[in-house]
Amino acid sequence: MDQPTPNEHPLAEPYLPESVRERLGQSDPTDIVVGVLTFNDGTTAPTVAKVLLDGFRRSVPERKVLLVNCDAGSQDGTADLIEQAVGRDAAFWPVRHPVLGSSLHVVSESGVPGRDVAIRLLATVTERLTAKLCLIVDGNLKSADQRWSELLTSPILDKGADCVLPQFSRNRYEGTLTNTLLAPLTRALYGKRLTYHQGGAYAFSDQFIRSLLLSQPWDDEIALYGIDGWVTTLAAAEAADVCEAMLGPRVRQAKPMADLSTILAQSVGCIFHMMERYQSIWEPVKGSRMVSTIGEPAGLGESVGALHVERMIHGFRQGLRDLVPIWQIVLAPDTFQQILELGIDEADSFRFPSSLWVQVVYDLALAYHDRLLHREHLLKSLTQLYLGYTASLILTTRALPVKRVEEELERLAVEYETMKPYLIQRWRWSDG
Amino acid sequence: MVSNDPFWYKDAVFYEIHVKAYADGNGDGIGDFQGLIGKLDYLEWLGVDCIWLLPFYPSPLRDDGYDVADFLTVAEQYGTMQDVKQLLDEAHRRGIRVIVDLVLNHTSDRHAWFQESRQSPHSSKRGFYVWSDTDRKYGKARIIFIDTEKSNWTWDPEAKAFYWHRFFSHQPDLNYDNPEVRQAMLDIMTFWLDQGLDGFRCDAVPYLFEREGTICENLPETHDYLKDIRRRIDASYQGRILLAEANQWPTDVRPYFGDGDEFHMAFHFPLMPRLYMGVRSETRDPIIDMFTHTPEIPPNCQWCLFLRNHDELTLEMCSGEERDYMYYTYARDPSMRRNIGIGRRLAPLLENDRRKIELLHSLVFTLPGSPIIYYGDEIGMGDNLKLKDRDGVRTPMQWTMDRNAGFSSCDADRLYLPVVADALYGYQAVNVESQKEAPHSLLHWMKRMIAARKQFPAFGRGAITFLRPANGKVLAYLREHEGVVLLLVHNLAGSAQSVELDLKGFAGSTPVELLGEARFPTVTERPYVLTLAPYGFYWLNLMRKPADGESYGIEQTVL
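As given, the protein sequences belong to chains A and B, one line each in that order.
Under the working numbering, residues 1 to 432 are what the first sequence spells out, in order.
Under the working numbering, residues 1001 to 1559 are what the second sequence spells out, in order.
Treat the hints with caution; some may be incorrect.
Claimed, not checked - Computed, partial: chain B to chain A, Cβ under 8 Å: (1) Gly1095; (2) Glu1555; (3) Thr1557; (4) Leu1559.
Because the hints were derived from the structure by calculation, they are not lab data.
Note that the Cβ used here is the ideal one computed from N, Cα and C, for glycine as well.
Taking the hints into account, I'd like the entire structure generated from these sequences.
Structural data, given as structure tokens:
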């Protein structure tokens, strides 16, 4: 990491509510800033805040901790309930962060609108109070416990890591988009084997905040793609020392999510968008390496919810019926031909080869780069292909032990790395 | 290439063109097929699915080509049969279909059949027309062109008999009681279908037969013949359509669809003036009333909706009071009136108010039916009231701000009609080239709306349910098709309006605006509040949260 630059915060200022500016002017430095992001999370956030503070009291009792509740305008008295839970002795700032219209449509499992503004605000507070790090946790994470404080911050405090990202224990078909696209593509591009779990619990060092987070263009693109994928990609692409904390299962107070194609367009769009900016970084990267971890590793769990594979295949075939003109534009002729051939398989014998899936993803990345179509439409056209590949993955592995699913996903990740020259050659040709 | 969907016309956007008015390929001042071929890229760019060509047959042009002198070839000034074939090939290559006007009811008095017919009572073609020794027969039939015709009978001194004509006296009606006529017209249709045409817009279909004691319109014999035509076309040609011009009430037009075995499509004439009435009176009632009086049509049939065409804005299907209102509000100057209607183009009718132009287009794009755009209306072309009859709305297409609006390279005095050159609508101000350059022009707006419409078959095929919010200035309706629910909300008023819609049945859905894909607040059990700008409208897709029966099981854990 580069050395921190002198405190400069002109860009952050407009996003700071007046109350925060006043507090910043009156406050002493602190060691750790803990941000709890909420929006009508009165039933869960007080416990989250309390266990995090208790965790710090146990693991680093000598450190000064400031708890900041960034709230998007709850109607259920979330901030008051947090204050009651943590007690009057704790340093606590209830902050209502501004919610910009541009970020309203962004998908977030936390259901907190204006999440990007909140994180920018927390980063600014961390910098201004010269804290060592900032820990950010979603207020709806019911599984947060005292260990999280240490797991998410000790790599920074004790080992000089720049950023700690979460790794949750998951069941075999949980996070299929992450496991089949976001994580392996990020790994192939930047050479870091991140699990890419976007669960709303992460920590950033003061250096990471100063030299990377606050210096980013905090405008349209974050509003377009959502902060979680953006930060994760940043950690992967930049020369940052990243650690993953094993946080156990993630249990959250569920909130309505957007439709599948919107989730897909935003999360995949984030990576594709960042590929443009980091081309000089990802192009020469070959292979990949593990990142450091802390905590007890947990493999995939066995539990499987109700999965409707036939509907997924039907969704894929609907794509074959409705989206062929779009796929014809965005996919390479060879890829397109292979996709067409998949449509004739019987449901039980339906197979979508991993290599073809990777080829599809790379073709989409190229089409996005070349702006062959309106980008949102292009990204959404991936939905039916994703359903097809996911159905195939489930059909191939559902009778096998969970270990085999892990092996299959690892093979897929290697496929992404192996086929990276396919992407690079076409990207160069396209630029030429 | 054109699609194989036999019901393509249900989703299609049509575009009406007069060959002579569109583009002049040989510089003689008259539009022609070569000129039109050169503009197909533009039509493809715009998103047009089907071109409707006005009559291009040889004609003395006393009724702008609807007085046909020969059905089996092309008027010399427009080109050759080879040009027609080239047009069809080039259009089809771009996925555009072509239908043409076919005047079934009558011919020109210059047609060889009439010339032969009038010569002698013993002529082989005598029976092709309706001759009489008296002008008293069929007295209950109305006179359509009351401005110019005093009777439906005209004395022919050469034949020494009266001949029957429902339109101009130079357009004698064919005698469909004669099987030779019926066969001859069928042969003409198959001739053109063999050339590759995709169908016919059949002119003046209610008047084919005459029967004493009736108004000589919509007779059973007419339907029998039309069904015969349809049978023969279906038997030999795939995906071709018949579009009926029947300026009648929907209940009277309904029989022209038969049981799905007569016309594929028919114009919805009475709706059109009521769209204008609704906007001017700022109330949805005339529009909803018209649909209340519109019967169901067979599932393989479709209405054609339009705002303007090559004729006057017809007020035949209006009551006297409604007609007065339309004249008072849209044609106070008598020079704007033609026959029973208003001889103006869309933009001048709406005082060039872009908001109203967009609002009315939004209505014809979203109400049940397939929209037809009259050439030039996509750029807001004006008219020329000084020209006779309906020529004022048939002036050359305005392509550029160059000489003759880029329509022709000839001297201006050789143009078939002068280009519109006034300060507001003149070709220097209103033309395709400049609007293509301006991303927010009416032309680009039309292109975007056409594209948006094409994404959702519900517009062409969906059922309609009118919502009836308390605010009567707002017209809101649902279009539903195969699980897709579109909510269309229009403010007919020139002031901002708020409306509360009862969408309880869609609680949990998220309205997504079709053009910008912006997500609106989720629908709940409570009234759904929308605010609309003056003449504003929304096209919203009510995206349902997947029910258990529809989910894939991975949505909540996809990341």
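For each hint, the structure was consulted:
1. Gly1095: violated, 10 Å
2. Glu1555: Cβ of Glu1555 of chain B sits 5 Å from chain A, so the hint holds.
3. Thr1557: Result: holds, 4 Å to nearest chain A Cβ.
4. Leu1559: The hint holds - Leu1559 of chain B has a Cβ within 8 Å of chain A, the shortest such distance being about 5 Å.
Violated hint for the displayed structure: number 1, the only one.
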